[in-house]
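Go ahead and model the full structure; you've got the sequences and the hints to work with.
Residue numbers (the numbering used here): 1 to 390.
Heads up, some of the hints might be wrong.
[What the hints assert, rightly or not] No farther apart than 16 Å at their CA atoms in a straight line, the calculated lysine to aspartate or glutamate pairs in the EDC-like style are these:
hint : residue 1 : residue 2
1    : K9        : D94
2    : K78       : D94
3    : K60       : E17
4    : K339      : D143
5    : K9        : E61
6    : K32       : D94
7    : K302      : E364
8    : K78       : D58
9    : K265      : D245
10   : K363      : E330
11   : K113      : D94
12   : K34       : E51
13   : K302      : D338
14   : K258      : E218
15   : K302      : E351
16   : K302      : E212
17   : K107      : E51
18   : K328      : E364
19   : K126      : E152
20   : K113      : E152
[Stated by the list, open to error] Listed next, with one range per pair, are the computed distances between beta-carbon atoms:
hint : residue 1 : residue 2 : range
21   : D254      : Q90       : 49 to 59 Å
22   : R139      : H214      : 38 to 48 Å
23   : R134      : K34       : 27 to 37 Å
Please keep in mind that the hints were generated in silico from the structure rather than gathered at the bench.
Note that the Cβ used here is the ideal one computed from N, Cα and C, for glycine as well.
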Amino acid sequence: MTLPALINKRVIILTGEPSGDAHAAPLIRELKKKEPGLRVSGIGGPCLSREGVRLFYDIKELTVMGAVEVLYQFSHIKRAFARFKLEVHQHRPDLLILVDYPGFNLKAAAWAKTFHIPVLYYITPKVWAWKKSRLKTIRKWVDHAALIFPFELPLYKRSGIPATFVGNPLLDQFSVSRIASQSVLPRTKHGTGSKTADDFVIGLLPGSRKNEIHSLLETMLAASCLIKKQCQTVRFVVSAAESADLSYIRGMIDTYEKQIPVSIKKGSVSNIFSQADLLIAASGTVTLEAAIHGIPTIIIYKVSPLTFFLGKRFVRLDYVGLPNIIAKKEVMPELLQDKANPVQISDRAIEMMQPANLHQSRKELRFVKHMLGTPGAARRTAQIAMNLLN
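See below:
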């Protein structure tokens, strides 16, 4: 039943990137189930717009990559913040929900608090990796943190920040029924899926940004040639994100197509998950998605020497891959910088292709998935929002 006290309540939700927009949409959907009369506005993209959120700024103007692009887009960020302040002045919301995008959102939280507006932060800054000082800022300006990784909770509790581990939204994003159905498909000699007994598929996931693809795909393809020499029945599938330059990817593949059987799957990475027995992937959220699907993965990471040096100095982590950080051990092999070369990638892949090693890897990935909690992150976060609105 709708509580009379919540009729005509206003909520502002702020995202800054497509991933945040995608995760924010289910939260608003769950919130409106609990309170259909809520009026929601915000900064977002197509996902939030489809949920009926009135956008006062579109994230397509805020998606930035690299120092030069950040400087170029600074005027858009400044304009977005001005729109946010105007929205607060004109409509005085009853709750501000922040989703990821900490540089912008923490400033928004501070501004909101000058008007005594409650603040909920969903998908909080990665203070466990770097900028731990942000915990003081969060404690000062945020009323409740909805955490998506289990290891975050002790850190927030020690810092005196009201927080709840709500589970990981990726468990909701990927259909649980589909993941479960994949796990019971007839096993091939090597993996899962409707392939012949001698057919082993390796998915190549070079990332979505052009600089990532430029840096990693050629290395992956060269490694694939070495793998093919030792395993004639293997074939390869390259994942191309919707935003990726397909002609650029095809141009790189053309150089190798006479040496290896390789195809391209454009769109959602789940297109690859449904086929692959093994993945060679750029570090990032996709490795956690692979863990949820139980697909053994080799993580490769290559950046400029300066970026790597700065990362080693300021980032306090033993691993770059989220599954390894969660498991506190290397459940997915990591090949970084000079080690991310064709020879070492192919050697590790051939080793992992052995049935016993695939079985052990899947077992460890099931543990990672268990650590992420159960589906329902958006629903639990919506309940926290309702409590703050009350």
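Quick rundown of the hints versus the structure:
1. K9 <-> D94: 6 Å, holds
2. K78 <-> D94: 24 Å, violated
3. K60 <-> E17: 8 Å, holds
4. K339 <-> D143: 44 Å, violated
5. K9 <-> E61: Given that 16 Å is the threshold and the Cα spacing comes to 28 Å, the pair is violated.
6. K32 <-> D94: Distance ~15 Å between K32 and D94 Cα, so the pair holds.
7. K302 <-> E364: 25 Å, violated
8. K78 <-> D58: With Cα atoms ~13 Å apart, K78 and D58 stay inside 16 Å; holds.
9. K265 <-> D245: With Cα atoms ~13 Å apart, K265 and D245 stay inside 16 Å; holds.
10. K363 <-> E330: 13 Å, holds
11. K113 <-> D94: Given pair K113, D94 holds - Cα atoms ~11 Å apart, limit 16 Å.
12. K34 <-> E51: 14 Å, holds
13. K302 <-> D338: OK: K302 and D338 at ~8 Å, within 16 Å.
14. K258 <-> E218: 15 Å, holds
15. K302 <-> E351: 22 Å, violated
16. K302 <-> E212: Holds, at roughly 8 Å.
17. K107 <-> E51: Roughly 26 Å separates the two Cα atoms, so the pair is violated.
18. K328 <-> E364: The hint holds at about 11 Å.
19. K126 <-> E152: Holds. K126 to E152 sits at ~9 Å (cutoff 16 Å).
20. K113 <-> E152: Between K113 and E152 the Cα gap is close to 24 Å, so the pair fails against 16 Å, i.e. violated.
21. D254 <-> Q90: 49 to 59 Å: 55 Å, holds
22. R139 <-> H214: 38 to 48 Å: Holds, since R139 and H214 (Cβ atoms, about 41 Å apart) stay within the stated range.
23. R134 <-> K34: 27 to 37 Å: About 30 Å separates the Cβ atoms of R134 and K34, which means 27 to 37 Å holds.
Hints 2, 4, 5, 7, 15, 17, 20, counting from the list given before, are not met by this structure.
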